[in-house]
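Below, each chain spelled out in residue letters.
There are 2 protein chains.
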Amino acid sequence: MLTSMMPQEGRRFVLNSKGRAVPEILDGVEMIPYRSHYGIEPVVKREVGRVTRWRRPGDSKCLSSIDEALNRCGLSDGMTISFHHHLRNGDRVLNMVMDRIRSRGIKGLRLFPSALFPVHEPLIDAIRDGTITSIEGSLNGPIGRFVSQGNLESPVVLRSHSGRVRALSQGEVKIDVAFLGASCCDPLGNANGVNGPSAFGPMGFGYADALFAESTVIITDYLVPFPCLPISIPGTNVDWIVKVDSIGDPAGILSGTLQITDREDHLKIVRSTMEIMDRIGLFKDGFTFQAGAGGISLAITKYISDLFRERGLVADYASGGTTKYLVRMLRDGSLKTLLTGQAFDIEAVRSLIDDRNHVEVTVDQYANIHTGATITEPEQVAFLGATEVDLDFNVNVNTHSDGYLLHGIGGHQDVAWGSGLTFITVPLERKGNPIIREKVTTLSTPGELIDVIVTERGFAVNTEHARKEVRERNQEILSSCEKGGLPIFNIEELRKMALREGGKDVEARTGDQMIGLIKYIDGTVLDKVNIVLDGDQEDVPSSFLTPSSSGTR
Amino acid sequence: MLTSMMPQEGRRFVLNSKGRAVPEILDGVEMIPYRSHYGIEPVVKREVGRVTRWRRPGDSKCLSSIDEALNRCGLSDGMTISFHHHLRNGDRVLNMVMDRIRSRGIKGLRLFPSALFPVHEPLIDAIRDGTITSIEGSLNGPIGRFVSQGNLESPVVLRSHSGRVRALSQGEVKIDVAFLGASCCDPLGNANGVNGPSAFGPMGFGYADALFAESTVIITDYLVPFPCLPISIPGTNVDWIVKVDSIGDPAGILSGTLQITDREDHLKIVRSTMEIMDRIGLFKDGFTFQAGAGGISLAITKYISDLFRERGLVADYASGGTTKYLVRMLRDGSLKTLLTGQAFDIEAVRSLIDDRNHVEVTVDQYANIHTGATITEPEQVAFLGATEVDLDFNVNVNTHSDGYLLHGIGGHQDVAWGSGLTFITVPLERKGNPIIREKVTTLSTPGELIDVIVTERGFAVNTEHARKEVRERNQEILSSCEKGGLPIFNIEELRKMALREGGKDVEARTGDQMIGLIKYIDGTVLDKVNIVLDGDQEDVPSSFLTPSSSGTR
Numbered sequence: 004m005l006t007s008m009m010p011q012e013g014r015r016f017v018l019n020s021k022g023r024a025v026p027e028i029l030d031g032v033e034m035i036p037y038r039s040h041y042g043i044e045p046v047v048k049r050e051v052g053r054v055t056r057w058r059r060p061g062d063s064k065c066l067s068s069i070d071e072a073l074n075r076c077g078l079s080d081g082m083t084i085s086f087h088h089h090l091r092n093g094d095r096v097l098n099m100v101m102d103r104i105r106s107r108g109i110k111g112l113r114l115f116p117s118a119l120f121p122v123h124e125p126l127i128d129a130i131r132d133g134t135i136t137s138i139e140g141s142l143n144g145p146i147g148r149f150v151s152q153g154n155l156e157s158p159v160v161l162r163s164h165s166g167r168v169r170a171l172s173q174g175e176v177k178i179d180v181a182f183l184g185a186s187c188c189d190p191l192g193n194a195n196g197v198n199g200p201s202a203f204g205p206m207g208f209g210y211a212d213a214l215f216a217e218s219t220v221i222i223t224d225y226l227v228p229f230p231c232l233p234i235s236i237p238g239t240n241v242d243w244i245v246k247v248d249s250i251g252d253p254a255g256i257l258s259g260t261l262q263i264t265d266r267e268d269h270l271k272i273v274r275s276t277m278e279i280m281d282r283i284g285l286f287k288d289g290f291t292f293q294a295g296a297g298g299i300s301l302a303i304t305k306y307i308s309d310l311f312r313e314r315g316l317v318a319d320y321a322s323g324g325t326t327k328y329l330v331r332m333l334r335d336g337s338l339k340t341l342l343t344g345q346a347f348d349i350e351a352v353r354s355l356i357d358d359r360n361h362v363e364v365t366v367d368q369y370a371n372i373h374t375g376a377t378i379t380e381p382e383q384v385a386f387l388g389a390t391e392v393d394l395d396f397n398v399n400v401n402t403h404s405d406g407y408l409l410h411g412i413g414g415h416q417d418v419a420w421g422s423g424l425t426f427i428t429v430p431l432e433r434k435g436n437p438i439i440r441e442k443v444t445t446l447s448t449p450g451e452l453i454d455v456i457v458t459e460r461g462f463a464v465n466t467e468h469a470r471k472e473v474r475e476r477n478q479e480i481l482s483s484c485e486k487g488g489l490p491i492f493n494i495e496e497l498r499k500m501a502l503r504e505g506g507k508d509v510e511a512r513t514g515d516q517m518i519g520l521i522k523y524i525d526g527t528v529l530d531k532v533n534i535v536l537d538g539d540q541e542d543v544p545s546s547f548l549t550p551s552s553s554g555t556r
Numbered sequence: 004m005l006t007s008m009m010p011q012e013g014r015r016f017v018l019n020s021k022g023r024a025v026p027e028i029l030d031g032v033e034m035i036p037y038r039s040h041y042g043i044e045p046v047v048k049r050e051v052g053r054v055t056r057w058r059r060p061g062d063s064k065c066l067s068s069i070d071e072a073l074n075r076c077g078l079s080d081g082m083t084i085s086f087h088h089h090l091r092n093g094d095r096v097l098n099m100v101m102d103r104i105r106s107r108g109i110k111g112l113r114l115f116p117s118a119l120f121p122v123h124e125p126l127i128d129a130i131r132d133g134t135i136t137s138i139e140g141s142l143n144g145p146i147g148r149f150v151s152q153g154n155l156e157s158p159v160v161l162r163s164h165s166g167r168v169r170a171l172s173q174g175e176v177k178i179d180v181a182f183l184g185a186s187c188c189d190p191l192g193n194a195n196g197v198n199g200p201s202a203f204g205p206m207g208f209g210y211a212d213a214l215f216a217e218s219t220v221i222i223t224d225y226l227v228p229f230p231c232l233p234i235s236i237p238g239t240n241v242d243w244i245v246k247v248d249s250i251g252d253p254a255g256i257l258s259g260t261l262q263i264t265d266r267e268d269h270l271k272i273v274r275s276t277m278e279i280m281d282r283i284g285l286f287k288d289g290f291t292f293q294a295g296a297g298g299i300s301l302a303i304t305k306y307i308s309d310l311f312r313e314r315g316l317v318a319d320y321a322s323g324g325t326t327k328y329l330v331r332m333l334r335d336g337s338l339k340t341l342l343t344g345q346a347f348d349i350e351a352v353r354s355l356i357d358d359r360n361h362v363e364v365t366v367d368q369y370a371n372i373h374t375g376a377t378i379t380e381p382e383q384v385a386f387l388g389a390t391e392v393d394l395d396f397n398v399n400v401n402t403h404s405d406g407y408l409l410h411g412i413g414g415h416q417d418v419a420w421g422s423g424l425t426f427i428t429v430p431l432e433r434k435g436n437p438i439i440r441e442k443v444t445t446l447s448t449p450g451e452l453i454d455v456i457v458t459e460r461g462f463a464v465n466t467e468h469a470r471k472e473v474r475e476r477n478q479e480i481l482s483s484c485e486k487g488g489l490p491i492f493n494i495e496e497l498r499k500m501a502l503r504e505g506g507k508d509v510e511a512r513t514g515d516q517m518i519g520l521i522k523y524i525d526g527t528v529l530d531k532v533n534i535v536l537d538g539d540q541e542d543v544p545s546s547f548l549t550p551s552s553s554g555t556r
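Chains as they are written, first to last, in this note's numbering: chain A, 4 to 556; chain B, 4 to 556.
No lab work stands behind these hints, which were simulated from the structure alone.
Keep in mind that a hint or two might mislead.
Note that the list lumps identical chains together, so a pair holds whenever it fits in one copy or between two copies.
[Said to hold, decoys possible] Here are the simulated lysine-lysine pairs, DSSO-like style, with alpha carbons at most 27 Å apart:
| id | residue 1 | residue 2 |
| --- | --- | --- |
| 1 | 177 | 48 |
| 2 | 442 | 271 |
| 3 | 246 | 339 |
| 4 | 434 | 287 |
| 5 | 287 | 486 |
| 6 | 471 | 327 |
| 7 | 305 | 327 |
| 8 | 434 | 499 |
| 9 | 471 | 442 |
| 10 | 177 | 287 |
| 11 | 305 | 499 |
All chains, full assembly: derive it from the sequences and hints.
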């Protein structure tokens with residue numbers, strides 16, 4: 004597999020099994036090149052969690068300010084700090100904490116967020132003044148553009164949602180201080196995101212941070228007497244609590260990815276995906292699926308909801324990225340159980356309180372490859388987006404074709420790895436750029452995990468490049484759809500149609516400097532991302548996410 | 004503190020801060036003598052958990068038999084195995100697994116149960132034939148008697164419920180294979196105890212076992228499609244699943260400790276405890292308390308329930324050891340929230356499903372001293388039993404006065420450490436044996452943590468020997484009760500009354516051989532227990548527990 008070595012800017016690179024050049028070493032740590040979509044076995048045998056700060060009954064965890072928390076946690080140069088993204092573009096916690104950190108002149112921090120949003124644009128100043136010199140986590144929109152231009156000292160490391168938790172559990176990343184926004188907290192540190200004026204939903208993205216960080220600080224605007232129920236983050240993993248005026252604006256969890264599409268070309272993709280699923284007999288009692296964000300995924304969820312109600316069918320469970328469409332299914336009886344890792348609207352937040360068959364899950368439960376119990380596994384089907392796909396069904400969700408690193412991996416790899424049948428829903432072109440490529444600019448999810456690519460003009464089924472255990476099944480899907488007269492093409496034909504629709508491939512003008520690394524869910528390295536030399540080849544969309552870049556962000 | 008060394012049967016002993024001789028070393032491991040009721044800081048900085056067995060999607064966790072599980076887990080001589088006790092005297096899992104282990108001739112195992120019950124009497128055969136050579140966990144009734152006579156190779160180590168979990172989290176005990184009975188489980192290993200034909204309630208006593216064991220096996224008689232909800236044990240910590248015909252008889256969770264007392268002397272204790280609480284103004288909205296098993300504790304819970312309903316008061320929360328009396332309070336609105344670590348009757352099991360403000364908690368959350376978030380801490384009051392108390396308010400719950408080790412610590416230390424005001428409810432004598440002693444035969448819970456001792460003839464308040472931060476408060480309690488004309492005595496007076504009521508102290512006829520060790524919640528050693536030389540000084544009660552030996556077993 005490891006066929007070649009290529010020294011470059013002082014680094015040694017090696018080709019992984021997908022033929023992508025990846026660094027042998029990063030920041031002194033040996034990188035394992037990607038081997039196979041199945042993943043590698045855990046590199047450690049035991050997880051190393053934390054012992055919470057020792058206190059006697061009566062000692063208080065409540066501090067008067069973020070500054071006091073920084074003191075108590077001993078935050079200093081070079082440490083790693085983490086945040087969850089449940090408040091999405093309404094989050095105030097990250098900026099609030101960074102403001103106090105910068106005012107103290109602490110430098111050289113590694114930022115380990117579960118995701119960043121446009122609201123976090125002030126981070127650019129923290130990068131400029133050396134407060135932040137390293138980021139491991141998704142870079143959306145403005146910060147991604149800034150980093151793509153070579154403005155961050157260390158290459159960013161991108162992991163999927165579950166890859167991030169796996170990294171924590173295996174000591175690949177060690178958080179010094181986790182700052183976790185909670186909409187409700189009691190004096191013992193038991194916290195949730197479903198009660199209080201800033202309720203934002205589940206807190207699963209902060210669970211592992213609290214468990215594995217050296218110190219955990221809950222930032223809340225709603226401190227209640229014990230017990231705060233439900234307990235999403237147990238106080239047993241919390242050292243300090245800071246009450247602030249406001250942790251954010253829950254309205255901000257509704258962001259650009261959460262508008263259902265009304266574009267006719269996109270709706271063609273939605274209808275085509277529905278037709279395929281119907282044709283191959285998925286729509287019956289017991290159906291299980293993964294829902295997500297992005298205009299097309301949202302529309303599919305809505306269409307499934309409508310169809311199940313009309314036909315009087317009952318799905319067993321769905322996992323979300325939860326929106327009102329899933330809540331509606333749950334409430335009208337066409338869905339038995341709803342498992343939620345992220346809430347994408349206020350209806351989802353309320354339902355977590357009101358509906359007993361709607362359950363919050365941690366990211367570990369959702370998709371950590373090394374737990375042996377991912378809830379993605381029993382899912383029959385999932386719908387994901389892409390910025391590009393290629394002839395081997397490989398998917399890029401991270402960079403645009405011009406090379407800019409503008410998106411995180413989200414749950415893309417997680418869901419593709421676990422669920423039975425993975426759809427990629429993409430338009431043939433965006434702004435004249437063909438989306439079906441010879442080779443993806445950046446490899447985010449291996450084509451082995453992708454089963455069907457659906458475009459507005461037709462779809463392709465992965466029979467050759469899919470993982471071997473589903474090739475026969477995919478061949479049957481192909482035959483069934485052919486018999487049904489559905490618009491099937493092979494991937495090369497889709498590529499030609501994309502070229503006709505779009506025109507010439509946009510090519511990235513990148514330099515030698517590595518600015519980012521894409522890790523697979525098992526911790527191996529799928530690809531690297533290089534610096535973009537020319538700043539204005541393509542307009543960056545005003546929304547930080549393309550409408551269907553990833554279904555489970 | 005460590006004033007003397009006393010070599011004995013090849014061991015070196017040292018006096019701890021309570022003047023009890025404890026071994027310096029046990030099985031090659033250095034023992035830390037008990038220092039203070041506050042506890043010591045954690046001896047480790049990080050918890051070491053497990054990485055679940057690696058599997059690919061589609062690989063099954065379900066095995067055909069216990070024998071196959073023993074094979075897959077590689078169970079062999081000298082390993083440590085664990086069980087939870089939620090099915091109490093109705094449990095079939097432990098005997099079923101031990102039967103298969105014995106049939107394979109595996110020897111020298113260490114047994115680490117959360118508690119043993121009379122139903123586990125067949126263990127005596129496993130001790131006799133060398134299958135089990137060491138036990139760390141409570142020994143109730145017949146097995147305790149057998150061990151007290153010197154029949155186990157290694158001294159047993161007794162820990163409180165939370166001390167057991169602390170030991171796991173700090174690597175003090177490492178489980179090789181945890182066998183956890185579940186009344187419901189899905190193919191990913193997500194399990195609970197509230198669904199299915201053998202529903203027994205929460206599974207909090209198995210949570211830490213699943214998290215820290217090298218291998219975890221769920222034994223269930225009710226395998227359901229994913230998802231099994233609620234998830235009490237996450238499948239992320241489960242390696243294997245074995246379906247059996249029956250895990251036990253849930254009727255067996257109702258055992259001898261769960262009969263409400265109707266003895267007039269006991270009811271005097273109950274009424275007196277109620278009077279004290281009323282006199283000092285505890286009975287008002289916002290009341291919080293710990294409930295437990297034992298006839299007297301049960302009666303107090305019932306009396307509180309009656310009183311709150313009559314007066315239209317609303318308690319904030321109770322933590323149980325949950326029975327129908329607490330469920331009734333919850334349902335009639337006189338209790339806002341109920342937290343349950345153990346279900347003591349079928350009403351408690353059903354309520355966990357039906358009542359959303361009734362929540363299952365893990366033992367870690369309940370009382371692990373090193374988590375900084377024990378739910379015992381905000382409790383205003385708790386009621387515990389004793390086999391003996393002494394002039395320093397020290398409590399014995401483990402041995403009878405004749406020296407026989409017949410009871411575990413249960414939650415005794417846990418609750419006394421955390422809750423605000425700790426009552427010990429005891430009769431002055433049992434079968435002619437005075438219960439108030441000069442010195443307790445065995446030190447289970449330090450007198451510093453005890454506030455009031457209530458007997459059928461009167462009560463004593465701990466003003467001198469209590470922890471310093473509550474002495475003033477206890478003095479106020481004393482004054483208030485005196486003003487109210489309640490029957491207050493000092494502890495020496497109670498001792499004299501006990502002697503008058505009971506007669507002569509039963510004295511233990513013990514030899515030099517150490518057969519047991521009593522650990523404090525922080526892992527330090529409180530006391531040792533020696534072999535009993537004469538087998539029939541006192542009748543062992545037909546019930547394996549004295550009516551009020553511990554409130555939170």
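Verification of the hints:
For a Cα distance limit of 27 Å, the shortest separation of residue 177 from residue 48 qualifies both inside one copy, at 17 Å, and across copies, at 14 Å. Proximity of residue 442 to residue 271 under the C-alpha cut-off of 27 Å is restricted to the intra-copy arrangement: shortest distance 25 Å within a copy versus 84 Å between copies. Taking CA atoms no more than 27 Å apart as the test, residue 246 paired with residue 339 passes between copies only; the shortest distance there is 25 Å, against 38 Å inside one copy. For a Cα distance limit of 27 Å, the shortest separation of residue 434 from residue 287 qualifies neither inside one copy, at 38 Å, nor across copies, at 69 Å.
Taking CA atoms no more than 27 Å apart as the test, residue 287 paired with residue 486 passes inside one copy only; the shortest distance there is 20 Å, against 74 Å between copies. In the homo-oligomer, the alpha carbons of residue 471 and residue 327 never lie at most 27 Å apart, since the shortest distance is 37 Å inside one protomer and 56 Å across protomers. Proximity of residue 305 to residue 327 under the C-alpha cut-off of 27 Å is restricted to the intra-copy arrangement: shortest distance 9 Å within a copy versus 44 Å between copies. When the C-alpha separation of residue 434 and residue 499 is checked against a cutoff of 27 Å, the pair qualifies only within one copy, where the shortest distance is 17 Å, while the shortest distance between copies is 95 Å.
Taking the shortest alpha-carbon separations for residue 471 and residue 442, only the intra-copy value of 21 Å comes in at or below 27 Å, while the best inter-copy value is 73 Å. Taking the closest pair of Cα atoms, residue 177 and residue 287 never come within 27 Å of each other, the shortest separation being 45 Å inside a single copy and 47 Å across copies. In this assembly of identical chains, the alpha carbons of residue 305 and residue 499 never lie at most 27 Å apart, being 31 Å within a copy and 78 Å across copies at closest.
Hint compliance for this structure: hints 4, 6, 10, 11 are broken, all remaining hints hold.
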